[in-house]
Amino acid sequence: MSDLDTFTLLPLQVDPQSKAVETTSSSKSLQTELAALNALHRSLLNLETPHNIPPPPIPVNPKRSANINKLRENANTEHRKGKYADAVKLYTLGIQMALSRPLWEPQGLVREEVAGLYANRAQSYMALQQWPEGSIDAEMSVETKRTGNAKAWWRRGKCLLEMGRVEEARDWCRKGLEMESNEAELAALLKDIEAKLGKGKGEGEDE
Amino acid sequence: MVLPFSSYAGAKICNMFEIDWMSLALPFAYITVLGGSLYTFSTVYRKRKAEPWFPPHLQRNVYLSLLHMQPEAGQEKAPKIPDSIIRAALLRRAVENIRRIIQIRTSKQALNTLLQKGSVGEDLNQRFLAAEREIEEELRDVANALSPGWGQTIFQSANEIAANTVLRTRLEEIEGRLEADKQWWEKRRETIKEDFMKELDEDSAKGSAKAVSDEEAVHVELSSPAATLSKKKKKGKN
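Each protein sequence line maps, in turn, to chains E and H.
Taking my numbering, I'd label the letters of the first sequence as residues 1 to 207.
Taking my numbering, I'd label the letters of the second sequence as residues 1001 to 1238.
Hints should not be assumed to be uniformly reliable.
To be verified - Derived DSS-like pairs (lysine-lysine); straight-line CA-CA distance at most 30 Å: (1) E:LYS145 - H:LYS1108; (2) E:LYS89 - H:LYS1187; (3) E:LYS63 - E:LYS151; (4) E:LYS89 - E:LYS70; (5) H:LYS1108 - E:LYS83; (6) E:LYS191 - H:LYS1193; (7) E:LYS175 - H:LYS1108; (8) E:LYS175 - H:LYS1117; (9) H:LYS1193 - E:LYS196; (10) H:LYS1077 - E:LYS19; (11) E:LYS81 - H:LYS1182; (12) E:LYS145 - E:LYS83; (13) E:LYS191 - H:LYS1182; (14) H:LYS1080 - E:LYS19; (15) H:LYS1182 - E:LYS175; (16) H:LYS1187 - E:LYS196; (17) H:LYS1187 - E:LYS83; (18) H:LYS1198 - E:LYS175; (19) H:LYS1187 - E:LYS151; (20) H:LYS1182 - E:LYS89; (21) E:LYS191 - H:LYS1187; (22) E:LYS145 - H:LYS1182; (23) H:LYS1182 - E:LYS196; (24) E:LYS151 - H:LYS1182; (25) H:LYS1198 - E:LYS196; (26) H:LYS1080 - E:LYS28; (27) E:LYS83 - H:LYS1182.
Treat the hints as calculated values from the structure; they're not laboratory data.
Bound-form chain E, shown alone:
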């Protein structure tokens, strides 16, 4: 309980010009924390709310969502036209815009936006036969949205297979089928992979 009444006085000072909090201590963790604090302080100062206090997570300012949507739609059009490199650029812009949302905005929204953008960029990378980029993007998409994201699961499996990382591809697809049990395409990909490994005989998947 005594912990609540005491604290450790840290050697802090505030730069009168930049208003950044600084320390004379060489503690790495303190310096990291102060960097985070100063970044947060700067983004709070940009707010137009009274006292520069972050607004509640909901409702979200619809401006940024509209911009991200527009970028995604334009990128989709480029992809359909076969201009894959241009599509990649537009998806990248959209991802940057989604990830640069202030941290106090709903993370669920960020996940939703980013999952779609990464999955689509993976597709454009695959069309360019840039398998490492495609596989990483698909993995990021799955990381942000694990269920209901069968396309992203399939894309990483395919990229791994194209790079000859067959066993990894198999494990990945199996994991994906645990999440998306009724995905025919994912199951078909897994069968291809297992056939390639020469193990497809007695070990067929359930789906």
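Fit chain H to the given chain E structure using the hints.
Relative to chain E, chain H alone:
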């Protein structure tokens, strides 16, 4: 020490002593192990009791240090910290509290299963509960320091900040593997290409050496275009 015995007897005694030491080794080892384990147990136990669940609350220390700034050398008044910095420090503190609560909740689930299985004692559970109470009080402490109205939303904001930070860290981790993946693939493609070149060279070498019989010549002609084709295909995958 003067020995009243002949040197022969002395040697014998020495000999006896050596034998005694050897046979004493076992009891001594027993005592050492016993003492050692008691000592280890007591230090570990005391340490475990004193050790708090979480490391020092850095964000709390920063916040309170800012509130209690000391005057600099040669000056009477402590420097005035802008309110916006105090609010940012308070928000950081709330985020850390959220992080700790999440950590406790996730550990608590694991702990409860262990408790049911009986593989974990009640004392560990007590430590968990104490840590949780500590955090709850700390949250109240933070809430008391809030500016009016902010109390209703600060923890919502802190919640999103904590979750968004975790998400971005995970994405950065995954993206951090891209460079290595790309380099690996670059190398592998080179090897694939070289292998095809070698195969081609071998084929043509065989072809020129054995081009005596018609059968071999046909074989070469059949195999080379196939090799070139697959080479082209691999090349196209840049």
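Against the structure, the hints:
1. For the hint pairing LYS145 (chain E) with LYS1108 (chain H), the CA-to-CA distance comes to about 25 Å; that is within 30 Å, so the pair holds.
2. For the proposed pair LYS89 (chain E) and LYS1187 (chain H), the alpha carbon gap of about 26 Å is at most 30 Å, so the pair holds.
3. Between LYS63 (chain E) and LYS151 (chain E) the alpha-carbon distance is near 28 Å, which keeps this suggested pair within the 30 Å criterion.
4. Proximity of LYS89 (chain E) to LYS70 (chain E) is assessed by CA-CA distance (about 13 Å); at most 30 Å being required, the pair is judged to hold.
5. A threshold of 30 Å between alpha carbons decides the hint, and for LYS1108 (chain H) with LYS83 (chain E) the separation of about 51 Å lies outside it, so the pair is violated.
6. For the suggested pair LYS191 (chain E) and LYS1193 (chain H), the alpha carbons sit about 28 Å apart, so the restraint of at most 30 Å is met.
7. Among the hinted pairs, LYS175 (chain E) with LYS1108 (chain H) is consistent with the structure: their alpha-carbon atoms are about 27 Å apart, no more than 30 Å.
8. Straight-line distance between C-alpha atoms of LYS175 (chain E) and LYS1117 (chain H) comes to about 29 Å, which keeps the hinted pair within the 30 Å bound.
9. Straight-line distance between C-alpha atoms of LYS1193 (chain H) and LYS196 (chain E) comes to about 21 Å, which keeps the hinted pair within the 30 Å bound.
10. Between LYS1077 (chain H) and LYS19 (chain E), the direct Cα distance comes to roughly 18 Å. Compliance with the 30 Å bound is thereby established for this hinted pair.
11. The hinted pair formed by LYS81 (chain E) and LYS1182 (chain H) meets the criterion: a straight-line CA distance of about 27 Å does not exceed 30 Å.
12. The hinted pair formed by LYS145 (chain E) and LYS83 (chain E) meets the criterion: a straight-line CA distance of about 27 Å does not exceed 30 Å.
13. For the hint linking LYS191 (chain E) to LYS1182 (chain H), the alpha-carbon distance of about 27 Å falls within 30 Å, and the restraint holds.
14. Note on LYS1080 (chain H) and LYS19 (chain E): the hinted pairing holds, with a Cα-Cα distance of about 11 Å set against a maximum of 30 Å.
15. About 24 Å separates the Cα atoms of LYS1182 (chain H) and LYS175 (chain E), which keeps this hinted pair within 30 Å; it holds.
16. Taken as a hint, the LYS1187 (chain H) and LYS196 (chain E) pair is honoured in the structure, with Cα atoms around 22 Å apart against an allowance of 30 Å.
17. For the proposed pair LYS1187 (chain H) and LYS83 (chain E), the alpha carbon gap of about 27 Å is at most 30 Å, so the pair holds.
18. Taking the CA atoms of LYS1198 (chain H) and LYS175 (chain E), the gap is near 38 Å; set against the 30 Å cutoff, the hint is violated.
19. At most 30 Å may separate the alpha-carbon atoms for a hinted pair to count; LYS1187 (chain H) and LYS151 (chain E) meet this at roughly 28 Å.
20. With a C-alpha separation of about 19 Å, the suggested pair LYS1182 (chain H) and LYS89 (chain E) falls inside the 30 Å cut-off, and the hint holds.
21. Using a Cα cut-off of 30 Å, the hinted pair LYS191 (chain E) and LYS1187 (chain H) holds, with the two alpha carbons roughly 28 Å apart.
22. Of the pairs offered as hints, the one joining LYS145 (chain E) and LYS1182 (chain H) holds, with about 24 Å between alpha carbons and a cut-off of 30 Å not exceeded.
23. For the proposed pair LYS1182 (chain H) and LYS196 (chain E), the alpha carbon gap of about 23 Å is at most 30 Å, so the pair holds.
24. Note on LYS151 (chain E) and LYS1182 (chain H): the hinted pairing holds, with a Cα-Cα distance of about 22 Å set against a maximum of 30 Å.
25. Distance check on the hinted pair: LYS1198 (chain H) and LYS196 (chain E) sit about 24 Å apart at the alpha-carbon level, within 30 Å; holds.
26. Among the hinted pairs, LYS1080 (chain H) with LYS28 (chain E) is consistent with the structure: their alpha-carbon atoms are about 26 Å apart, no more than 30 Å.
27. For a cut-off of 30 Å, the pair hint linking LYS83 (chain E) to LYS1182 (chain H) stands: about 22 Å separates their Cα positions.
Figure legend: structure checked against the earlier numbered hints; hints not met, in rising order: 5, 18.
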